[in-house]
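There are 2 protein chains.
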Amino acid sequence: MTLDPARLAPMANAIRALSMDAVQAANSGHPGMPMGMADVATVLFSKYLKFDPKAPDWPDRDRFVLSAGHGSMLIYSLLYLSGYEQPTIGDIANFRQLGSPCAGHPENFLLPGVECTTGPLGQGLAMAVGMAIAERHLNAVHGDEAVDHHTWTIAGDGCLMEGVNHEAIGLAGHLGLGKLKVLWDSNRITIDGSTALSTCEEIPARYRAAGWHTLVCDGHDYADIDRALGEAAALDDKPVLVECRTVIGRGAPNKQGTSSVHGAALGADEVAAARKELGWTAEPFVVPDAILADWRKTGERGAALRAEWEQRASGRDLGVVNVPSGVLDDYIAKLLAEPKKVATRKASEMALEVLTDAVPAMIGGSADLTGSNNTKTSSTGPLTAEDYAGRYLYYGIREFGMACAMNGMALHGGVIPYGGTFLIFSDYCRNAVRLSALQETRAVYVFTHDSIGLGEDGPTHQPVEQLMSLRLIPNLNVFRPCDTIETAECWALALGDTDTPSVLALSRQNLPQLRTEGGNLSARGAYRLRNAGTERKVVLIATGSEVEVACAVADALEAEGIGADVVSMPCMELFETQDASYRADVFPDDVLKVSIEAGSTMGWERYTGTNGLQIGLDRFGASAPAEDLFRKFGFTADAIVPKIKAKLGI
Amino acid sequence: MTLDPARLAPMANAIRALSMDAVQAANSGHPGMPMGMADVATVLFSKYLKFDPKAPDWPDRDRFVLSAGHGSMLIYSLLYLSGYEQPTIGDIANFRQLGSPCAGHPENFLLPGVECTTGPLGQGLAMAVGMAIAERHLNAVHGDEAVDHHTWTIAGDGCLMEGVNHEAIGLAGHLGLGKLKVLWDSNRITIDGSTALSTCEEIPARYRAAGWHTLVCDGHDYADIDRALGEAAALDDKPVLVECRTVIGRGAPNKQGTSSVHGAALGADEVAAARKELGWTAEPFVVPDAILADWRKTGERGAALRAEWEQRASGRDLGVVNVPSGVLDDYIAKLLAEPKKVATRKASEMALEVLTDAVPAMIGGSADLTGSNNTKTSSTGPLTAEDYAGRYLYYGIREFGMACAMNGMALHGGVIPYGGTFLIFSDYCRNAVRLSALQETRAVYVFTHDSIGLGEDGPTHQPVEQLMSLRLIPNLNVFRPCDTIETAECWALALGDTDTPSVLALSRQNLPQLRTEGGNLSARGAYRLRNAGTERKVVLIATGSEVEVACAVADALEAEGIGADVVSMPCMELFETQDASYRADVFPDDVLKVSIEAGSTMGWERYTGTNGLQIGLDRFGASAPAEDLFRKFGFTADAIVPKIKAKLGI
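Protein chains in written order, with full-length UniProt numbering: chain A, 1 to 650; chain B, 1 to 650.
Please keep in mind that the hints were generated in silico from the structure rather than gathered at the bench. C-beta atoms are modelled at their ideal positions from N, C-alpha and C, and glycine is treated no differently. A few of these clues could be false.
[Stated by the list, open to error] Taking lysine to aspartate or glutamate and the DMTMM-like style, the derived pairs with C-alpha atoms no more than 25 Å apart in a straight line are:
1. A:K647 - B:D589
2. A:K647 - B:E576
3. A:K643 - B:E243
4. B:K537 - A:D589
5. B:K643 - A:D579
6. A:K537 - B:D589
7. A:K643 - B:D579
8. B:K632 - A:D91
9. B:K647 - A:D91
10. B:K632 - A:E573
11. A:K647 - B:D4
12. A:K647 - B:D590
13. B:K632 - A:E440
14. B:K647 - A:E576
15. A:K645 - B:D589
16. B:K643 - A:E576
17. B:K632 - A:D589
[What the hints assert, rightly or not] Chain B side only, calculated, beta carbon under 7 Å to chain A, not exhaustive:
18. M161
19. H166
20. D224
21. G326
22. V327
23. D368
24. Y428
[What the hints assert, rightly or not] Incomplete in silico selection of chain A near chain B, CB under 7 Å:
25. G158
26. S314
27. D317
28. T460
29. T610
30. A624
Chain A on its own, in the form it takes in the complex (with noise of 0.2 Å):
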């Protein structure tokens, strides 16, 4: 197919125009970008991208992520004009306003066709590579005919810049990830002027040192696009950047080129000047019938093409994967005939050995701790370059490039993707972890060695604020389990969500299996694990390796004649959708409410109010043997009793 030139100008106008008049009227927003990839954009909307309008969920759709999400003006005017039912052209002029789904930055959960939520930059790109990985692990399972398909990105310099672009590109490069396509938008701006100012580094060859093939065209002129992307599209033995020379900013005649059009509206006199030198004429946010047209029919050429694809591939499992309820029932029954002391960590691996065999899209991994994170089962071989059908990925020490692929794989679906690190090292992914939760997506995290119960490995290492700071994400379950029991129904909960991520805190140290009962009680978030065997005075209340602390100290109390309560609380989100009869009966207001948890204390005023007991670390850890630390900061029943007798006045 050749591309017309002649119709390709003015439909990549259309692009311009929306974007600076949809800024304009927010007065906010990011016209550099979209006028700047415009060229680009519409040659692959034209020609290169398979997608459908009226199937946005079609699973062998190629998958198309606007990294630079800031540009999102891009994809809200390549949606429109292609012809998605949403946006309409009412949105597009209500950019950025309350209620209108073309939000300031681009969101998954607000528009179909937009693959992810993108904005924070360098993300977008990473979970691209997690899309390619799920593209190529579902090829391997179902078939050439059932899916393949390409994931194209755009990314500008600021994801190039950050961070996890080099973890993500690694990883990319070494799955030889060939369907992975990113269109650089090389304009040489940001923010605070030209890159000159911070960076002198060659870009493409650190790409292809990290296994890409690299291209470069004009991003103005349509045939070098068209050569380009054809190039790019045919190479298929590593992923591809692509590196499109832009001018930010594209068609605003004074403005153009320089940092003053990247992120503030052009203002009312550079508009006038923009249209002037596009040609454009039509009013603010309509786009002539004749080019409409033409972007219609781009938008149409998908419609055969899925319909092949619905004859030959239908039935097959490659959206929301369903996991089974009561798959662990039996494993649980077990555990409970014959008890385990072992690692939370290693009652993980315990019910992923049987998880993983009963779930075949669960795709498991790890930042390089593997032995650690017990993540690894019998039933997954390793996904690699020359066999994508394993299901185990060793992530390198790349743990935010990690979360990014997790929440790739999870938006592209047909997969379940977990992965291991240390907890303290959920700082380093710790925005990709929110973004699962933005998303809603199901990623499961497993971060084991969840407290100073890890040892000697001392205060870098060593967990203190993160079990707390995990939970004031919005929309994220953190689980932490206190035994094997818990630790399965934990899992059942985390795959049972599918619009919610979890987190699995697990211990590094051996526990007791405390729970002599079946059925889920985890699911309440927090429940009684033990009653005071006098009359109650306390109601301990404990998370993981604490609630063996806490049965310990119930058990000094109650020999002094004291009750005690101890209640587990594996998952404080859960507990908080609980109704008020059922949170007040757990946590009665007539009695001595004590927080145990190895971690800051902060918020735990909310169970044992105010003039209950928090029994935590408020202070970074120690390098020492696990027993030795607990001692030293007070998590014994010999230390937190006489507290306890203190503030009853015993």
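Since the structure of chain A is provided, determine the placement of chain B on it from the hints.
The following block gives chain B in isolation, referenced to the frame of chain A:
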């Protein structure tokens, strides 16, 4: 100076013996790296490193950074052998035990000679970049006679795979930091096994693409190491990467070269085999006198150099810089006389104008948000490869790299770093902020756009949980000033505390000047900004931009005869250090307490009690103008007053 391999081999074996014995005694630790890099480190310390164990704080010493911090026994061995006062051999025998300064990972606050705390991979090298920046800057200011030293770094495959490595080396290459030398322990083994499991990257090519020289040597051939380090020392126009090809665990005959030697004790049998292999017959923790004498001689090399330096450069201000107290007094007096309604990010810029003029040691910067963070002042010209005397760093889109560089600069001494990004992207550098706190550095983070008040950029850019989650980090002061006066006060507090890093969370939107009196009230952490006009029934507690909202709420309540205090709380951490009577006076027991902060409510119960009200945001934000969002999410007097009245039963 020619090195004698016959003397070097036993010296290197002393490192090997101490490392394997210490790890064996602790039954925990990482013998592989120290044994693998023993030869390279011995050559470095014997000939190249400029240091004086008798004066670990000598400002012009070479900096030695063990970025691969898990190999901590390498640096403990080197410090002991070369004659530092600490660690003693007893400390080494107590490796990883409570009270030993030989912690699992090297900690700068436990041992002189440990330049920075490492273990979280990638950050040591990135801090070394900061040290090298500080060195070149101080050299430009004070001349060769006062400051002229190298920064030597040992980094492993893991350090190089982390995303922050890309940011760090890009910055170093751009700034042409020729005094920075990175010795890469290229053993091609990580925890999971061969690096081939997870990467195919050509690392030297990547470094060259970033503007580095690259060299290679056989890490077990002394002559070749000597040659490479000599070449590295001589190359001073660009930073240098030396690939040291080593065998991990060299000397352990059955385990070397495998991941089994990475992170676990060798076991008694393998230790015995290694002693045989190395010809090491001394008892554990004994270094034969002749070998120790050779080591001590290497430690004495620096004494004369230091003495000469003291002669020619004494009295320079190259250590901890003291900021004159009262430096902002005149400025604050002027503000009180002529109040200004500006965003606190703008108020920060105004304070910085005064500060950077008065304190030449301050070096500012931003991760490509200079005009948004308002971090650049008229006295801070760009610090570039052409002009190291500049005081402003265009860090590029490298938040993590920036924070690490700031830590390195602060640890180097002689400079006070501050740097900016959006508060949401504190997520990207969170572990470096944590390391600022753990390392007790005076790094000042200027985090602007601190709430939904940033408006249209939407939920990807709107911090919700970040404020509270930063407050959870021990030894970090999180300031959220409400107006120009508090902003100046918080800057004064941040610069006045040499052992605690600070975060300044600043608004994008304009805020009225609420303070009408001087005295650094922010030093109390929280204080009564307005007294109830009638009988006090309510205490409103707010921070930053919500103090204005609290004042509006108070007005509305007072109009209805309900007395309400307004407490501004710019710093929870400082409030926690106040005595009980002050705290009880600010937050009396007998009234309704209401917190208002446009972020997570969890944690506020500490001040409101569970019977109080916590007005906050426990969900993600949205894209819209700020006023619309404040209205939508209930941060208006109209929305809050009825809740308070309901609570009061009025």
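Hints and how they fare:
1. Between K647 of chain A and D589 of chain B, the direct Cα distance comes to roughly 18 Å. Compliance with the 25 Å bound is thereby established for this hinted pair.
2. The straight-line distance between the Cα atoms of K647 of chain A and E576 of chain B is roughly 21 Å, inside the 25 Å bound, and the hint therefore holds.
3. With a C-alpha separation of about 56 Å, the suggested pair K643 of chain A and E243 of chain B falls outside the 25 Å cut-off, and the hint is violated.
4. Proximity of K537 of chain B to D589 of chain A is assessed by CA-CA distance (about 24 Å); at most 25 Å being required, the pair is judged to hold.
5. For the hint linking K643 of chain B to D579 of chain A, the alpha-carbon distance of about 21 Å falls within 25 Å, and the restraint holds.
6. Straight-line distance between C-alpha atoms of K537 of chain A and D589 of chain B comes to about 24 Å, which keeps the hinted pair within the 25 Å bound.
7. Taking the CA atoms of K643 of chain A and D579 of chain B, the gap is near 21 Å; set against the 25 Å cutoff, the hint holds.
8. Between K632 of chain B and D91 of chain A the CA atoms are separated by roughly 19 Å; this keeps the pair inside 25 Å, and the hint holds.
9. Distance check on the hinted pair: K647 of chain B and D91 of chain A sit about 40 Å apart at the alpha-carbon level, beyond 25 Å; violated.
10. Distance restraint check for K632 of chain B and E573 of chain A: the Cα-Cα separation of roughly 24 Å lies within the 25 Å cut-off, and the hinted pair is therefore satisfied.
11. The straight-line distance between the Cα atoms of K647 of chain A and D4 of chain B is roughly 69 Å, outside the 25 Å bound, and the hint therefore fails.
12. Restraint check for K647 of chain A and D590 of chain B: the C-alpha separation of about 21 Å stays at or below 25 Å, so the hint holds.
13. Between K632 of chain B and E440 of chain A the alpha-carbon distance is near 22 Å, which keeps this suggested pair within the 25 Å criterion.
14. Between K647 of chain B and E576 of chain A the CA atoms are separated by roughly 21 Å; this keeps the pair inside 25 Å, and the hint holds.
15. A threshold of 25 Å between alpha carbons decides the hint, and for K645 of chain A with D589 of chain B the separation of about 23 Å falls inside it, so the pair holds.
16. The straight-line distance between the Cα atoms of K643 of chain B and E576 of chain A is roughly 21 Å, inside the 25 Å bound, and the hint therefore holds.
17. Of the pairs offered as hints, the one joining K632 of chain B and D589 of chain A is violated, with about 33 Å between alpha carbons and a cut-off of 25 Å exceeded.
18. At a threshold of 7 Å, the smallest CB-CB gap from M161 of chain B to chain A is about 4 Å, leaving the interface hint in force.
19. Because the closest C-beta pair between H166 of chain B and chain A is about 3 Å apart, less than 7 Å, the hint holds.
20. Because the beta carbon of D224 of chain B sits about 24 Å from the nearest beta carbon in chain A, more than 7 Å, this interface hint is broken.
21. Nearest Cβ of chain A to the Cβ of G326 of chain B: about 32 Å, over the 7 Å cut. The hint is violated.
22. For V327 of chain B, the interface hint is violated, since its Cβ never comes within 7 Å of a Cβ in chain A; the closest pair sits about 28 Å apart.
23. With a least beta-carbon distance of about 5 Å to chain A, the hint placing D368 of chain B at the interface is held under the 7 Å criterion.
24. Using the Cβ-Cβ criterion of 7 Å, the hint placing Y428 of chain B at the interface with chain A is satisfied: the shortest such distance is roughly 6 Å.
25. Interface hint status for G158 of chain A: upheld, as the beta-carbon distance to the closest one in chain B is roughly 4 Å, under 7 Å.
26. Here the hint on S314 of chain A is broken, as its CB sits about 35 Å from the closest CB of chain B, past 7 Å.
27. The beta carbon of D317 of chain A comes no nearer than 29 Å to any beta carbon in chain B, farther than 7 Å, and the hint placing it at the interface is violated.
28. Contact between T460 of chain A and chain B, as hinted, is supported at the beta carbon level, the nearest pair being about 4 Å apart and thus within 7 Å.
29. Checking T610 of chain A against chain B by beta carbon gives a least distance of about 5 Å; that is within 7 Å, so the hint holds.
30. Of the supplied interface hints, the one on A624 of chain A holds, with its beta-carbon coming within about 4 Å of a beta-carbon of chain B, less than 7 Å.
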